[in-house]
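Undergrad: Kindly generate the complete structure, drawing on both the sequences and the hints.
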Amino acid sequence: MSGPRIGILALQGDVREHARALSDVGARPVEVRRATELAAVDGLVLPGGESTTIGRLLQVFELLEPLRAAVVAGLPVFGSCAGMILLARDVVDGRPDQPLIGGLDMVVRRNAFGRQVDSFEVDLDVDGVEGPPVHAVFIRAPWVEKAGDAVEVLARVAEAPVAVRQGSLLATAFHPELTGDSRMHRLFVDIARSSGSGR
Amino acid sequence: MVPDWSEKRRHIMSQGQTATAGPATDSARHAGTARVKRGMAEMLKGGVIMDVVTAEQARIAEDAGAVAVMALERVPADIRAQGGVARMSDPDMISEIIEAVSIPVMAKARIGHFVEAQVLQALGVDYVDESEVLTPADPHHHIDKWSFTVPFVCGATNLGEALRRLAEGAAMIRSKGEAGTGEVSNAVVHMRTIRAEIGRLSALPAEELYAAAKELRAPVELVTEVARLGRLPVVLFTAGGIATPADAALMMQLGADGVFVGSGIFKSGDPARRARAIVEATTMFNDPDVLVKVSRGLGEAMVGINVAELPSAARYADRGW
Chain R
29 MSGPRIGILA LQGDVREHAR ALSDVGARPV EVRRATELAA VDGLVLPGGE STTIGRLLQV
89 FELLEPLRAA VVAGLPVFGS CAGMILLARD VVDGRPDQPL IGGLDMVVRR NAFGRQVDSF
149 EVDLDVDGVE GPPVHAVFIR APWVEKAGDA VEVLARVAEA PVAVRQGSLL ATAFHPELTG
209 DSRMHRLFVD IARSSGSGR
Chain U
335 MVPDWSEKRR HIMSQGQTAT AGPATDSARH AGTARVKRGM AEMLKGGVIM DVVTAEQARI
395 AEDAGAVAVM ALERVPADIR AQGGVARMSD PDMISEIIEA VSIPVMAKAR IGHFVEAQVL
455 QALGVDYVDE SEVLTPADPH HHIDKWSFTV PFVCGATNLG EALRRLAEGA AMIRSKGEAG
515 TGEVSNAVVH MRTIRAEIGR LSALPAEELY AAAKELRAPV ELVTEVARLG RLPVVLFTAG
575 GIATPADAAL MMQLGADGVF VGSGIFKSGD PARRARAIVE ATTMFNDPDV LVKVSRGLGE
635 AMVGINVAEL PSAARYADRG W
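Heads up: the protein sequence lines correspond to chains R and U, in order.
With my numbering applied, the first sequence covers 29 to 227.
With my numbering applied, the second sequence covers 335 to 655.
If you are wondering where the hints come from, they were derived from the structure by calculation, not from laboratory data.
Be a bit skeptical, because a hint or two may be false.
What the hints assert, rightly or not - The calculated SDA-like cross-link candidates involving lysine to any residue, where the alpha carbons are at most 25 angstroms apart (straight line), are:
1) K627(U) to E93(R)
2) K627(U) to L92(R)
3) K627(U) to A63(R)
4) K627(U) to A580(U)
5) K627(U) to R62(R)
6) K627(U) to L66(R)
7) K627(U) to P94(R)
8) K627(U) to V88(R)
9) K627(U) to E59(R)
10) K627(U) to R61(R)
11) K174(R) to V120(R)
12) K627(U) to Q87(R)
13) K627(U) to P127(R)
14) K627(U) to A38(R)
TA: Put into structure tokens, the structure is as follows:
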């Protein structure tokens with residue numbers, strides 16, 4: 029059996045690292061830059077990058093509305109860092125006008141841990157990920173400021189949620205794609221597999 | 335077996351660099367590691383970093399979709415035109431720019447001027463560019479970049495130079511090009527040179543890498559790592575003379591991970607529009623239809639200087655060792 033086709037939004041950010049992690053867990057990564065390419069994937073990764081840049085490019089290349097529609101229709105999506113921001117309902121400490129896809133019932137705080145000199149790595153226990161702690165890399169990372177009841181918190185740093193799931197949407201404030209540990213990607217591909225059979 | 339250079343450095347960097355920020359319960363947090371520094375640059379890939387000299391320009395850059403801004407006192411074209419010693423920018427100006435935008439802010443320090451870098455780190459700058467565009471402070475030594483928490487980007491004209499900067503702790507490399515000219519030829523030469531030299535290394539049998547390291551004047555561990563990866567172990571951007579959307583797409587097609595634009599935007603007729611066009615061209619660098627669309631109606635490009643007509647003392651790419 030061949031693995032699910034997982035798109036990676038390739039407007040800006042660390043696309044290559046996500047592609048490698050997805051390949052490691054048996055998925056078939058494909059880059060997505062056009063709304064037409066969205067129809068052909070079983071799941072989508074929103075990579076790390078600059079959320080204001082990606083948001084603007086989503087508008088320019090007419091991907092924002094198709095993405096919102098795909099999320100509403102149940103497309104499994106995994107966002108890391110900037111991707112987590114894009115999946116939020118609202119953002120604080122960002123730009124009030126920055127376009128978001130939404131889908132996760134949460135408000136995130138941008139650059140919550142501080143500037144680049146405050147970026148850090150730490151070992152983290154993540155619910156749903158078996159084995160030793162996940163080594164998590166936080167780079168000018170957001171955290172979840174407020175989350176609705178439907179949002180399941182999978183991991184926290186200093187009380188703040190940094191990994192969440194709501195249905196087939198998964199988001200991390202950190203970058204599992206940078207460490208060579210592909211267990212978060214395995215979790216997402218499993219979500220995409222099980223959701224695909226029901227869709 | 336040659337030890338893995340980056341792992342070794344990562345290990346060194348993770349000793350005793352526990353972040354002081356945050357609650358005491360997170361004593362296992364490590365800041366300033368090679369992975370955090372290099373990872374920051376990975377997040378900028380596919381993006382455009384724009385030179386700005388005021389908070390207003392920084393906002394225009396952010397609105398246009400820049401992934402970061404480079405705060406400096408004069409753009410390279412003005413440094414060329416006005417002459418004199420070019421130094422780190424005024425801290426007030428950098429702080430204003432940090433306040434004005436939500437995207438990362440970079441700033442330039444002179445080659446070898448580690449105190450300028452200390453000041454920039456204390457200001458909360460997200461990346462320091464140890465830049466040949468400023469007047470070098472040390473004719474022999476670059477900054478020891480391992481001793482900083484803030485990451486550094488450095489310019490290079492060839493692979494040996496790039497690897498020497500990595501050995502000193504740079505977490506991101508850019509081609510030097512020839513800043514402030516609006517002429518892309520040097521950026522093209524530097525990008526092609528670095529890629530070709532990496533290609534040659536990858537084809538060498540392992541026992542010939544020692545001599546290759548000697549020729550490149552770079553540590554054999556790094557040379558071995560590059561040969562194995564077939565690319566630099568860090569992000570490689572382009573800089574120096576990019577003035578149009580087509581220039582940006584050209585550099586992306588030549589293998590750049592992203593683009594620095596210095597004088598090209600705010601020395602042009604319609605900066606906001608040109609900034610948006612260069613961002614879109616960098617994303618869709620392989621799509622001629624998009625390139626046609628974004629190249630229309632941009633107004634005047636910056637006035638260019640032909641690099642071939644520059645006397646050698648006016649060539650910034652020759653600075654750095």
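Undergrad: Name the hints, by number, that the structure is in violation of.
TA: none
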